[in-house]
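J.: Here is what each chain is made of, one letter per residue.
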Amino acid sequence: MSLSGANPQTAPPPAPGAVGEASNYLSHARGPLSWLFTLDHKRIGVMYLVVILASFLLGGIFAMLVRTELWTPGPTITENATTYNKWFTLHGAVMIFLVIIPGIPAALGNFVLPIMLGAKDVAFPRLNLLSFYLWVTGAVCFLLSLAMGGIDTGWTFYTPYSSKYTPTMVIPALSGAFVLGFSSIFTGLNFIVTIHKLRPPGMTWFRMPLFLWGIYATAVIQVLATPVLGITLLLLIMESTLQVGIFNPDMGGDPVLMQHFFWFYSHPAVYIMILPSMGVVSELISVHSHKHIFGYRFIAWSSIAIAMFSFIVWGHHMFTSTQSGLMNTIFSAITFSVSIPSAIKIFNWLATMYKGAISLTTPMLYALSFIFLFTIGGLTGLFLGTLSTDVHFHDTYFVVAHFHYTMMGSALIGMFGGIHHWWPKITGRLYSEFWGRIACGFVFVGFNITFFTQFVMGSQGMPRRYYNFVEQYTSYHQVSTIGSYIMLVGFVIMGIYLMQSLVNGRRAPANPWGGNSLEWHCTSPPPHDNFASPPQVGDCYDYRGWEYDREIEGYVPRTA
Amino acid sequence: MSHNTAIEVVWTVVPTILVVFIFWIGLKGYLTLATPPGDAYTVDVEARQWSWSFYYPTAGVDSDELHVPPNVPIQLRMRSVDVLHAFFVPAFRVKNDIVPGKLSGLWFEATDPGRYQIFCAEYCGEKHSDMLSIVEVHPSREDFDEWLARAGSFPDAMPAAERGEILYKKKGCIQCHTLDGVESTGPTWKGLWIKEADRRQATRIPVLVDGDMKEIVRDEAYLEESMKNPAAKLARSKEGYVNRMSIIRLKPEEIIYLIEFIKSLGE
Chain S
0 MSLSGANPQT
10 APPPAPGAVG
20 EASNYLSHAR
30 GPLSWLFTLD
40 HKRIGVMYLV
50 VILASFLLGG
60 IFAMLVRTEL
70 WTPGPTITEN
80 ATTYNKWFTL
90 HGAVMIFLVI
100 IPGIPAALGN
110 FVLPIMLGAK
120 DVAFPRLNLL
130 SFYLWVTGAV
140 CFLLSLAMGG
150 IDTGWTFYTP
160 YSSKYTPTMV
170 IPALSGAFVL
180 GFSSIFTGLN
190 FIVTIHKLRP
200 PGMTWFRMPL
210 FLWGIYATAV
220 IQVLATPVLG
230 ITLLLLIMES
240 TLQVGIFNPD
250 MGGDPVLMQH
260 FFWFYSHPAV
270 YIMILPSMGV
280 VSELISVHSH
290 KHIFGYRFIA
300 WSSIAIAMFS
310 FIVWGHHMFT
320 STQSGLMNTI
330 FSAITFSVSI
340 PSAIKIFNWL
350 ATMYKGAISL
360 TTPMLYALSF
370 IFLFTIGGLT
380 GLFLGTLSTD
390 VHFHDTYFVV
400 AHFHYTMMGS
410 ALIGMFGGIH
420 HWWPKITGRL
430 YSEFWGRIAC
440 GFVFVGFNIT
450 FFTQFVMGSQ
460 GMPRRYYNFV
470 EQYTSYHQVS
480 TIGSYIMLVG
490 FVIMGIYLMQ
500 SLVNGRRAPA
510 NPWGGNSLEW
520 HCTSPPPHDN
530 FASPPQVGDC
540 YDYRGWEYDR
550 EIEGYVPRTA
Chain H
0 MSHNTAIEVV
10 WTVVPTILVV
20 FIFWIGLKGY
30 LTLATPPGDA
40 YTVDVEARQW
50 SWSFYYPTAG
60 VDSDELHVPP
70 NVPIQLRMRS
80 VDVLHAFFVP
90 AFRVKNDIVP
100 GKLSGLWFEA
110 TDPGRYQIFC
120 AEYCGEKHSD
130 MLSIVEVHPS
140 REDFDEWLAR
150 AGSFPDAMPA
160 AERGEILYKK
170 KGCIQCHTLD
180 GVESTGPTWK
190 GLWIKEADRR
200 QATRIPVLVD
210 GDMKEIVRDE
220 AYLEESMKNP
230 AAKLARSKEG
240 YVNRMSIIRL
250 KPEEIIYLIE
260 FIKSLGE
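So the sequences go chain by chain: S and H.
Numbering that gives the first Met the number 0 puts the first residue of the first sequence at 0, with every later residue one more than the last.
Numbering that gives the first Met the number 0 puts the first residue of the second sequence at 0, with every later residue one more than the last.
Just to be clear, a hint being listed does not mean it is correct.
[As the list claims (entries may be wrong)] From chain S, some residues computed to sit far from chain H (all C-beta separations above 12 Å):
no.	residue
1	Ala28
2	Trp34
3	Ile60
4	Val219
5	Leu233
6	Phe260
7	Gln322
8	Ile333
9	Leu381
10	Asp389
11	Tyr484
12	Phe490
13	Pro533
14	Tyr547
[Unchecked claim] Dumping the calculated DMTMM-like pairs for lysine to aspartate or glutamate here, alpha-carbon to alpha-carbon at most 25 Å:
no.	chain 1	residue 1	chain 2	residue 2
15	H	Lys169	S	Glu78
16	S	Lys354	H	Asp155
17	H	Lys262	H	Asp155
18	H	Lys169	S	Glu546
19	H	Lys237	S	Glu78
[Unchecked claim] To list a few chain H residues with every Cβ distance to chain S over 10 Å, as calculated:
no.	residue
20	Thr31
21	Asp96
22	His176
It is worth saying that the hints were derived from the structure and are not from the lab.
Computed from a predicted model, the values in this text were never measured in an experiment.
We treat Cβ as the ideally placed atom computed from N, Cα and C, and that holds for glycine.
Same shape as in the complex, but just chain S (with noise of 0.2 Å):
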C-alpha cells in the first residue's frame, strides 16, 4: 500500500483529556426516550451490548448448569434426564441466536463501522433501530419459550424428534429464531449499502480498515444465508402444527431433507460469527504491535473467499447421516478450501507482529489467545473435514471441544478483545489493565482446561448430548467441569472491572492505544455526528504520526 504521507486529521486535535467536557454521544439527549427512540449508531450499538452481554449470561447460566451435572456419571443436580437435555438445548440456542451470530457486527460493527468511515452513521438508521426491536422480540419469544418449559431438541431441532416426539413446545422458539433472522439480515443489508455508499473520498476499497472487510464478508453472507433459515423454520413450524409430512417418513417425507435446510444456513453461520472476529483481530494485532498491518490484500480477499466458500461445505455436518458416498467426497474436498484462506490470516497476522512493538495490554491479550485458539479449532476441523477420522469423531466430544475452541476461544475471544479495544472510544473511560489481564488469564486457562480435555474424551468415543455417561470418562468430565468454573471467575472479574470503569474509571483519552483508522481521530467518546467535518483518509495502518504521551497516557499527533 503506498502511503499518503497526510497527516491524520484536519480537524483541530481534541484537546488532550478533553473527553466528556464537549458535548458526546452520550450527553446529547437524556432520557429513557432518547435511547429507545434514538437512531445514533452509536446508541443503537451500545443498546445491542448490553442485551448481548445479558444473553451471554444467560447462555453461560446454561453452561455452568450443563457441566455442573456432568460432575458424575449419574444424576448430579438433576434427576430428570429432559431437564438436563433442555439445558444443553438452551445453552447452544441462546449462544448462538442472541450472542454469537448478531454479537460484534451488531454491538461493535454499529459502533464503529460509520466511524472508521468518517460517516455521520450508516446508511439506514430507521432499518437499523428496526434490527435493535427485531433483535428484542426474537429475545423476548425466546424468553417465552422459557417459562413455557423450555425445549429438549438440542439447538439442531432434527426431525422427527422435534416435529413430533418432543414433549416440548417448540414454536415459540422456532419463532423467536425467525425474526432473529430478519434482524441479522436487516443489519447485513444496512452494512453493505453503507460501505458501497458512504465511503469518504479518497478510501478506496482497498485503504478500507480491514475489520470493515470483515464486516461486509459477514453482510453478505447473512444476507443471502439467513432467508433459507426462515424458511426452515417455517417449514418446522407447518410440520409440528399441521403435520404437513415433508420431514414425517410415514407420510413419505424425508428426515435428512430437514438437516440439508438446516446446515445451508447453519454452516456459513458459523462464518457469520467468525469474519467480524477476525477483523477484530487484524486491527488488534496491528495497532498493538504499532506494526502496519502485513499482507492487507491477501487478508482482505481472504474474507471473500471464505464467505464464498462457506456457502458449498455444508454436508460435512451430514457424513454419517446417509448421505452417499459421493456427497460426502465432494463437502470433504471442498471443506478443505476453506481452511486456506484461514491459514493465511494467521501468517499474516504472526508476519505483523514480527519486529513489532508489542504492548501486552488487555486487547493485546485476546488478540494472541485468539491466534492460539483458533489454530487449535482451525486444526481440529482438518480432522472433522477428513471422512474417514469423521466417522469416529462425528457426535462425540472431539466436535463440541472443535467447535468451542472455534465458537467462543475465537469468535468470541475476539468479540471480547474488541470490546476492550474500543471500550475507551464506546464510554470514554478506561478499566483496570491489570485485573483485564488478570480475567483474561483465567479465561485463557480455563478455556483450554474445560475444552482441550474434551478433544481427548471425545477421541476416546464419549458422545455428545449426554446426560449420563459411563465411569471410564469421569476423569475427563470432572478436569473440564474444573476448567469451566475457572472460566467462570475469569468473566466474573471482567464484569466487576468492566462495571467499575463505567462509575469512576479514568477518563480516556480520543487514541489511547496509538491505532490510526478515523475512530481515533476523535474524542473518547465521539460527538454525536462524530466528525466536524470530513476527515482526510490517509494509511489507517501508519502509525508514525502519533506519538506517546505520557501525561494523558495515550497517544497525540507527532508534532515534530
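Got chain S; can you put chain H on it based on the hints?
T.: Just chain H, lined up with the frame of chain S:
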C-alpha cells in the same frame, strides 16, 4: 515491510498441497468403511427410544446385545421405528445414523475377542444417554454358534415370570417402566394388574381412550393390548396421559412371559 508476494504465495500453495493429501487419505479410508465385503454375515438392528434389538435372520433369534464371531465381516442392516438414532462402537471406529423410513448399514470385522461398548450417537430424546448395549466378540466361530443356539430360548425349567423379568431388561422396558411405583416416562408396573378375585372391589384405573377418559379393569387383555398397541389405552405416567412408546416387536410367548412377570409384582 507490509507485504511480500513470494512468501505469501508459498504459504498459500504449501498448505493447499498438504490438505489435498489429507483429503485423499480420508477418502481412501472412507471407501473401505463404506464398502462391505460380499460375504459379510448380516445382523438386523432395530433402534428405538431407548433400546437396541439385534435380530439374527438365519436363526430367527432376537438379542439385546450384539454377539459376533471373530474374523468374519459383519454387516449391520439398521432401522429405526421412531426418531433418528445412530449406532456407534468407538473401539471399532464405526458409526452410522439410523433414519426412520429407510435402511442404513455399516460393516466391521472384529479380530479381538471381548466386550465393547455400543453407544447411540444421534440425540433421540430423554434417555438418549442410557441407550447402551454391548458388542460381544466371541473367541471362536464355534463359541458364537453355541451362543446363537441358546440365545433364542430360556432354560426349560425357568418359570414364566422369571422369563418375563429377563425380557423386562432385554427388551428395554426397564428404561421407562419402574417396578416400585415411582412415576417415569411410562406407567409404573407396580399395581398394574389386579387378581381376578379382587376385581370387583378394586378401583378401576382411568385411561385415555381416543381422547376420552374411561375407567377399565386391569386384566391380562388390557396388558396384552397395551404391549401391542401402546397408544390404545393410556394409563397415567410422569407426563400425564401421553404415549411415548414406539411399537416393539414381541413374540406371542414373550407377551405371555411379560404379563406373568407383571402379575408377580403384586399391588
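J.: Compare the structure with each hint and give your call.
T.: Status of each hint after checking the structure:
1. Ala28: holds (42 Å)
2. Trp34: holds (41 Å)
3. Ile60: holds (22 Å)
4. Val219: holds (22 Å)
5. Leu233: holds (21 Å)
6. Phe260: Since the minimum Cβ distance to chain H is about 15 Å, phenylalanine 260(S) lies beyond 12 Å and the statement holds.
7. Gln322: Non-interface label on glutamine 322(S) violated, nearest chain H Cβ at 9 Å vs cutoff 12 Å.
8. Ile333: About 10 Å separates isoleucine 333(S) from the closest Cβ of chain H, which leaves it inside 12 Å; violated.
9. Leu381: violated (6 Å)
10. Asp389: violated (8 Å)
11. Tyr484: holds (23 Å)
12. Phe490: Correct as stated: the minimum Cβ-Cβ distance to chain H is 28 Å, above 12 Å.
13. Pro533: Its Cβ never comes within 12 Å of chain H, the nearest being 26 Å, so this holds.
14. Tyr547: Since the minimum Cβ distance to chain H is about 22 Å, tyrosine 547(S) lies beyond 12 Å and the statement holds.
15. Lys169(H) / Glu78(S): holds (24 Å)
16. Lys354(S) / Asp155(H): Violated, at roughly 84 Å.
17. Lys262(H) / Asp155(H): The hint holds at about 21 Å.
18. Lys169(H) / Glu546(S): Violated. Lysine 169(H) to glutamate 546(S) sits at ~77 Å, over the 25 Å cutoff.
19. Lys237(H) / Glu78(S): Holds, because 13 Å separates the two Cα atoms, which is no more than 25 Å.
20. Thr31: Its Cβ does come within 10 Å of chain S, the nearest being 8 Å, so this is violated.
21. Asp96: violated (5 Å)
22. His176: Nearest chain S Cβ is 15 Å from histidine 176(H), so the label holds.
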